[in-house]
Each structure stands twice: as structure tokens, then as C-alpha cells.
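Hey, can you piece these two chains together into the complex? The hints should help.
Listed in order, the protein sequences are those of chains A and B.
Those letters in the first sequence? Residues 16 to 238, by my numbering.
Those letters in the second sequence? Residues 9 to 158, by my numbering.
Rather than coming from a laboratory, the hints here were simulated on the basis of the structure.
The beta-carbon is built from N, C-alpha and C at its ideal position, and this holds for glycine as well.
Worth double-checking, as some hints may not be accurate.
[Said to hold, decoys possible] Using 30 Å as the maximum straight-line C-alpha spacing, the simulated DSS-like pairs for lysine-lysine come out as follows:
1. B:Lys97 <-> A:Lys55
2. A:Lys22 <-> B:Lys90
3. B:Lys84 <-> A:Lys36
4. A:Lys157 <-> A:Lys22
5. A:Lys70 <-> A:Lys157
6. B:Lys97 <-> A:Lys132
7. A:Lys22 <-> B:Lys53
8. A:Lys132 <-> B:Lys90
9. A:Lys183 <-> A:Lys229
10. B:Lys15 <-> A:Lys157
11. B:Lys136 <-> A:Lys55
12. A:Lys36 <-> B:Lys97
13. B:Lys97 <-> A:Lys22
14. B:Lys90 <-> A:Lys70
15. A:Lys169 <-> A:Lys123
16. A:Lys132 <-> B:Lys15
[As the list claims (entries may be wrong)] Label-pair ranges, simulated between beta-carbon atoms:
17. B:Gly78 <-> A:Asp224: 55 to 65 Å
18. A:Glu144 <-> B:Lys98: 22 to 32 Å
19. A:Gly29 <-> B:Gly66: 20 to 30 Å
20. A:Pro188 <-> B:Gln94: 25 to 35 Å
21. B:Ala41 <-> A:Lys36: 35 to 45 Å
22. A:Lys96 <-> B:Ala118: 52 to 62 Å
23. A:Glu144 <-> B:Gln94: 15 to 25 Å
24. B:Asp65 <-> A:Glu54: 12 to 22 Å
25. A:Asn187 <-> B:Pro121: 27 to 37 Å
26. B:Pro121 <-> A:Gly141: 29 to 39 Å
27. A:Ala134 <-> B:Pro121: 48 to 58 Å
[Said to hold, decoys possible] Derived, one-sided and incomplete: chain B residues facing chain A with beta-carbon distance under 7 Å:
28. Arg36
29. Ala41
30. Glu61
31. Glu64
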Amino acid sequence: MIIAEGKPLAEVAGLIQGARKVLVVGCGGCVTVCLAGGEKETGILAAALRLLRQKEGNPLETVEVTLTRQCDPEYVDMLEKYVTDDVDAIVSLACGVGVQFLAERYNKWVVPALNTKFAGGTVEHGVWEERCGLCGECILYKTGGICPIIRCSKSILNGPCGGSQNGKCEVNPETPCAWQLIYDRMQALGKLDLLMEIQPPKDWSKSRDGGPRKVVREDVRLA
Amino acid sequence: MQEFEPKIIAFCCYYCAYSAADLAGSLRLQYPANIRVIEMPCSGKTDVRVLLEAFEDGADGVYVLGCMEGDCHFLKGNFRAKRRVQQAKKILDEIGIGGERLEMYNLSAAMGPRFAEIAREFTERIRKLGPSPLNKKYASANSRKAGEQE
Ligand code: SF4
Ligand code: SF4
Chain A
16 MIIAEGKPLA
26 EVAGLIQGAR
36 KVLVVGCGGC
46 VTVCLAGGEK
56 ETGILAAALR
66 LLRQKEGNPL
76 ETVEVTLTRQ
86 CDPEYVDMLE
96 KYVTDDVDAI
106 VSLACGVGVQ
116 FLAERYNKWV
126 VPALNTKFAG
136 GTVEHGVWEE
146 RCGLCGECIL
156 YKTGGICPII
166 RCSKSILNGP
176 CGGSQNGKCE
186 VNPETPCAWQ
196 LIYDRMQALG
206 KLDLLMEIQP
216 PKDWSKSRDG
226 GPRKVVREDV
236 RLA
Chain B
9 MQEFEPKIIA
19 FCCYYCAYSA
29 ADLAGSLRLQ
39 YPANIRVIEM
49 PCSGKTDVRV
59 LLEAFEDGAD
69 GVYVLGCMEG
79 DCHFLKGNFR
89 AKRRVQQAKK
99 ILDEIGIGGE
109 RLEMYNLSAA
119 MGPRFAEIAR
129 EFTERIRKLG
139 PSPLNKKYAS
149 ANSRKAGEQE
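Chain B with its partners taken away, still in its complex shape (with noise of 0.2 Å):
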């Protein structure tokens, strides 16, 4: 029986996590393969409405990466970001999915390995989190594993 690979999306400011992602790719360090890297020309384009959608087209998780709190090249960004991101995690638990399958993070640039611990830390949460409730895919999978142990 193969494991739950989370699907996951990892919206990523151009002005800091995409280049922390490079600089990680740069420094050959490991991260796992389960998240599929979005860039956005600043944090402060976060959209509630694009997040949901994200899962609604598949998504077992989702996160930001915006610059470090004070250092957004567009100055609030990150800040108008971290709300939304609130916001849609509000609403995500309204549903029952749970806004624990979404986070905002702050990086700079320069911390690729970050970069890489985040991806870590995160596909390790939605993998403990399980599939989506969206995902029946994944739900079946899960329950004939369930059905097995008895």
C-alpha cells in the first residue's frame, strides 16, 4: 500500500522565498518533492479566493512565504498577506476542512536552508493531517488501509 503523498502549494514572493528557493536549489539541499512552488511578484498578492480554489482543485495544504516582518520590498505586503491568510483559514475551518492546512511563513532570500526546513516541517504536518476531505482518492486509499489492519 502506497503512503499519502501530500499535494502541496507553496506561494512564493518573488523578492524573497522564490529566491530562497534557487539558493536551496543552489546549495543541493533536500526538500521533498510534494510541493509545487507558485511565484508571486510580492506576498501582498495572497487572494482568500485563489487559496480556497487551490483546494478545491486538489490541495491537501497550502502556505505563503512572504519577506520577514518590516523587510517587504512593497513594505506592507507581507502584512496584508498574513491577514488574508487568517481570513482564509476562518473559513476553511467554517467548511471543515481545517485552517490548519494553511500557513504563512516569513524568509528572507538568503536562507535557502529555510526555505528547505519549511517544506519539511510543513509536508510533514499535511502527511500527519492526512488527505484533504476533499481528496476521496486519498480518503478510499486510507480507509481499504483501515479496513486492512483489522
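Okay, chain A solo, but in the shape it has when bound (with noise of 0.2 Å):
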């Protein structure tokens, strides 16, 4: 899932520092998993914003709304009825594709309440890491699981580096070596003899390269 954090409260309340009225919208997806976005944290938000402002003499009236998902159209468009003219600010507690997906839909200032950090899973309740590094083309079937291109700190293809100490990286001390964590894997899995082989450069142009990625699937579009 996507996972995200709350910007500090003074942040967002600058956002919407001249509004009076503000949307205060969740997402029911990864962020709600990942306690950042969700109808909690959303209710938590505007109590927040709301007990700021009245306490700066300027009340603040707020609407909470958690939509199922922000980054698909269909549940973008349940919003419509509480956007009315006298909402002056949309605050989304998404992460950067349902706030792009808000201000697109719908004609009003949208600011985020999320940083989005990356793509991860939650090693245990309240914690999450990354693991992904949405490569565009996925070669964890050579590393026996375990992502190069991100838990690497320098993404390198044919490791460790000479920084490896002691099942750690150079880069954080805190953070285990992924490719003593490959090796290790490999090792157990008898599979070290494919380690031996030399990956070539990885082919970037799956990835950052060329601008926005899309992907279409000609069977599922329904127009």
C-alpha cells in the first residue's frame, strides 16, 4: 500500500489559513490502513482545526467526508454533493494521487494533510517500511525476494558493495544490508549459484524515465 503521514497541524491550518468553511476529506483505502487518512484521522484533523481556529477568534466550520477510495473517479463523484459555492477549501487526508484526483474533479482549492512517504507494508502495528520502489519492471525472482532497487540504499543490481559491515549498510547503520539479506536468502534456498551470474544495467526506461507511466488494458476499457 501507499503509505503516508500527517503534516504538522500549523502546516495545514496555513493551507486554509482565509477559509471559513473546508471539506475535510478522507480516503478509506491505503491510508486508511496505514492510520494517516482514514475516517479516524479524519475526524481528528477537523477537531483539530476547528478548536485552532476557534481559539484564534476566526471559527472554522468543517465537513468530514471519507470516500471509499480518491484515486478512482466513481468515488470522486460522491463528493459533488457536498461541494457546494460556500466551501472555500478542500483538505484531503489522501495521498498525492487523491488530492491530484479531488483538484481535477472538482473546481476549488484542494491542499494535502498527508506527506505520501512510499510504497510499503507494516512490519508491525504503528510501524511500515518500504519496499518497493515501483521499478516498472520487477526482478525480485532473481534476488530471492528481496528488492534491490529500494532496500538497497544505492539500488545497485550486482551486490553488496564494499559498505556492507556486519549484515549492515553504510548508508544507516540501522538498516539491514539488502544484499547480505539476498545472499543470506539465496544461501538457504541453494540458490547462490544464481547470484553468480552479472546482471547487466537495469533498463531505467521502464521506470522515472520518459515522463508520467500509464497503463492501459484494451480488454477491461469499456468505451
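Next up, the structure:
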């Protein structure tokens, strides 16, 4: 899922300074699971913003709505009845994708309440770690299911580098060396010979090269 | 000029504080009438949003009462409550209302006298802090008071 984290309250408040009425919009997708932008966090943020403004003697009206997902037009459409003329701004607690979908659909000042961090998973309740760098051409089958692109600080394909020390990465001694993990895993699987093969440079044209990416599935298109 | 009487909300776990309040009553213990008791099934029901909304609705102070650590009927509810209270304190600090207006206490159902003592302690703390910055009615009463002293 996409992992995000709330922006500081003062920053969000600053983004809607002039507004009298705002929609505070949560998302039922990834950010609900990573406890950053679900219904609960939406309620807390709305209450905190109201309190802050009440204290400043400049009361704020909030309307809270949590959409099933903000990255799907069919759900974004459901916000329409709340986007009335008197709404001055929309505060989105989705990832950057959701914020943009709201901004594209509605002619309002849309601001992000979260910082979108990475694609990752829950390692324990309240702790999330990055696992995938969204490189566009997955090579996990070469590395025993451990991603060298994002979990190796240098994204090297023929690791480890000389900085691998006692299983830790030289870039951050708190981080396990991805290539040590890959080696150990391949050894356990009896597939060390696969690591002997020298990997050619990765084809980065499938990744960030060439501007925003797009996936089209003709078989499921409706129009 | 009337003295500031804080409005205080006490969120009480059913298994400890709520019974302790009952006991305090049976023992005919006196404690300030400033506190409004709200029963919770467990202090683990504590919700940051509800704590904030208590202030929005006019509370000058709020506290949560849970069982002694290790004695929660649902095992860990009071630990969860403690962290949520910490989180809400942080938000109150950021807003400028002040985290010290919110507190978490632990006690058992047998501690009627402690219930009354906490009520006195906390009421005293809020009395010293003065009205919540959101409660303008008192704030203006206060400024009038300041004017009189001049
Ligand atoms: S190889 Fe690419 S797609 Fe696969 S996990 Fe790593 S970054 Fe993600
Ligand atoms: S020490 Fe390991 S994780 Fe760190 S850069 Fe080198 S190979 Fe990558």
C-alpha cells in the first residue's frame, strides 16, 4: 500500500488560512490502513483545525467525508453534493494521487493534509517499511524476493558494495544490508549459483524515465 | 465577582473509576462539583477526537481514569488510553490550549478516596490555569477582574 504521514497541524492550518468552510476528506484505501487518512484521522484533524481556529477567534466550519477511495472517479464523484458554493477549500487526507484527483474534478482550492512517503507494508502495528521502488520491471525473482532497487541504499544490482558491514548498510547502520539479506536468502534456498550471474544495467526506461507512466488494458476498457 | 468554576470532564472506565466514584459516594466523600463523569466500557475506548471535542464543547479540563497498569479488565486498554492521551496532549499544545489541561490517572475500583483526591487535585490545577482559551465568557470575566484590580 501507499504509506503516508500527517503533516504538522500548523502547516495544514496555514494552507487554509483564509477559508471559513472546508471539506475535510478522508480516504478508505491505503491511508486508512496506515492510519494516516481514514475516517478516524479525518475526525481528529477536523476537530483540531476547528479548535485552533476557535482559539484564534476565527471559527472554521468543517464537513467531514470519507470516500471509499480518492483515486477512483466513481468515488470522487460522490463528493459532489458536499462541494457547495460556500466551501472555500478541500483538505484531502489521501495520498498525493487522491489530492490530484479531487483537484482535477472540483473547481476548488484542494490542499494535502498528508506527506506521501512510499510503497510499503506494516511490519508491526504502528510501524511501516518501504518495500518497493515502483521501478516498472520487477526483478524480485533474481534476488530471492528481496528488492535491491529500494532496499539497497544504492540500488545496485550486483551487490553487496564494499560498505556492507556486519549485515548493515554503510549509509545507515540501522538498516540491514539488502544484499546481505539477498545472499542469506539465496543460500537458504540453495540458489547461490544464481547470484554468480552478472546483472547488466537495469532498463530504467520502464521507470521514471520519459515522464508520467500509464497502464492501458484494452480488454477491460468500456469505451 | 464570582470565582472561576472550571468545567471538567472525567472519562471513567466502568471497571475501576466508575465504581470508585460510586464508592466515594457511599463513603460520603466530598469532591468538587466541577467534574462531569462520563462512563466508558474501558479506558481503551478513549478517542483523541472525543477528547478534543470535549474542549470544543466548553471543557476547561479533561481527564481519563483507567485501571492500575497491569489490571485492565481487557488487558491493555489503559496502556492504549495512555498513548492516546499523550497524542491528544501534543495536539492541544500545538493548538495552544495546552496539554496540561488533559491528564490520565490510574486507580482501582476500591480507591474511592483516591477518586475524590484526583477530582480535587485536577480541579485545583485547572483553577490555577484559568479558563480554557476557548471559553471567552470566563476570559472576559477575567479581564474585567484584571481591570478592577488596576
Ligand atoms: S524490483 Fe522494482 S517492482 Fe520489484 S519490488 Fe523492487 S522496485 Fe518494486
Ligand atoms: S551496504 Fe548493502 S545496502 Fe548499503 S549500499 Fe551497499 S549493498 Fe546497498
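Results for each hint:
no.: 1; hint: B:Lys97 <-> A:Lys55; in the structure: holds (17 Å)
no.: 2; hint: A:Lys22 <-> B:Lys90; in the structure: holds (23 Å)
no.: 3; hint: B:Lys84 <-> A:Lys36; in the structure: violated (39 Å)
no.: 4; hint: A:Lys157 <-> A:Lys22; in the structure: violated (38 Å)
no.: 5; hint: A:Lys70 <-> A:Lys157; in the structure: violated (57 Å)
no.: 6; hint: B:Lys97 <-> A:Lys132; in the structure: holds (26 Å)
no.: 7; hint: A:Lys22 <-> B:Lys53; in the structure: holds (25 Å)
no.: 8; hint: A:Lys132 <-> B:Lys90; in the structure: holds (28 Å)
no.: 9; hint: A:Lys183 <-> A:Lys229; in the structure: violated (36 Å)
no.: 10; hint: B:Lys15 <-> A:Lys157; in the structure: violated (65 Å)
no.: 11; hint: B:Lys136 <-> A:Lys55; in the structure: violated (33 Å)
no.: 12; hint: A:Lys36 <-> B:Lys97; in the structure: holds (26 Å)
no.: 13; hint: B:Lys97 <-> A:Lys22; in the structure: holds (17 Å)
no.: 14; hint: B:Lys90 <-> A:Lys70; in the structure: holds (26 Å)
no.: 15; hint: A:Lys169 <-> A:Lys123; in the structure: violated (41 Å)
no.: 16; hint: A:Lys132 <-> B:Lys15; in the structure: violated (41 Å)
no.: 17; hint: B:Gly78 <-> A:Asp224: 55 to 65 Å; in the structure: holds (57 Å)
no.: 18; hint: A:Glu144 <-> B:Lys98: 22 to 32 Å; in the structure: holds (24 Å)
no.: 19; hint: A:Gly29 <-> B:Gly66: 20 to 30 Å; in the structure: holds (27 Å)
no.: 20; hint: A:Pro188 <-> B:Gln94: 25 to 35 Å; in the structure: holds (29 Å)
no.: 21; hint: B:Ala41 <-> A:Lys36: 35 to 45 Å; in the structure: holds (38 Å)
no.: 22; hint: A:Lys96 <-> B:Ala118: 52 to 62 Å; in the structure: holds (54 Å)
no.: 23; hint: A:Glu144 <-> B:Gln94: 15 to 25 Å; in the structure: holds (24 Å)
no.: 24; hint: B:Asp65 <-> A:Glu54: 12 to 22 Å; in the structure: holds (20 Å)
no.: 25; hint: A:Asn187 <-> B:Pro121: 27 to 37 Å; in the structure: violated (53 Å)
no.: 26; hint: B:Pro121 <-> A:Gly141: 29 to 39 Å; in the structure: holds (37 Å)
no.: 27; hint: A:Ala134 <-> B:Pro121: 48 to 58 Å; in the structure: holds (55 Å)
no.: 28; hint: Arg36; in the structure: violated (38 Å)
no.: 29; hint: Ala41; in the structure: violated (26 Å)
no.: 30; hint: Glu61; in the structure: holds (5 Å)
no.: 31; hint: Glu64; in the structure: holds (6 Å)
This entry does not satisfy hints 3, 4, 5, 9, 10, 11, 15, 16, 25, 28 and 29, going by the numbered hints stated previously.
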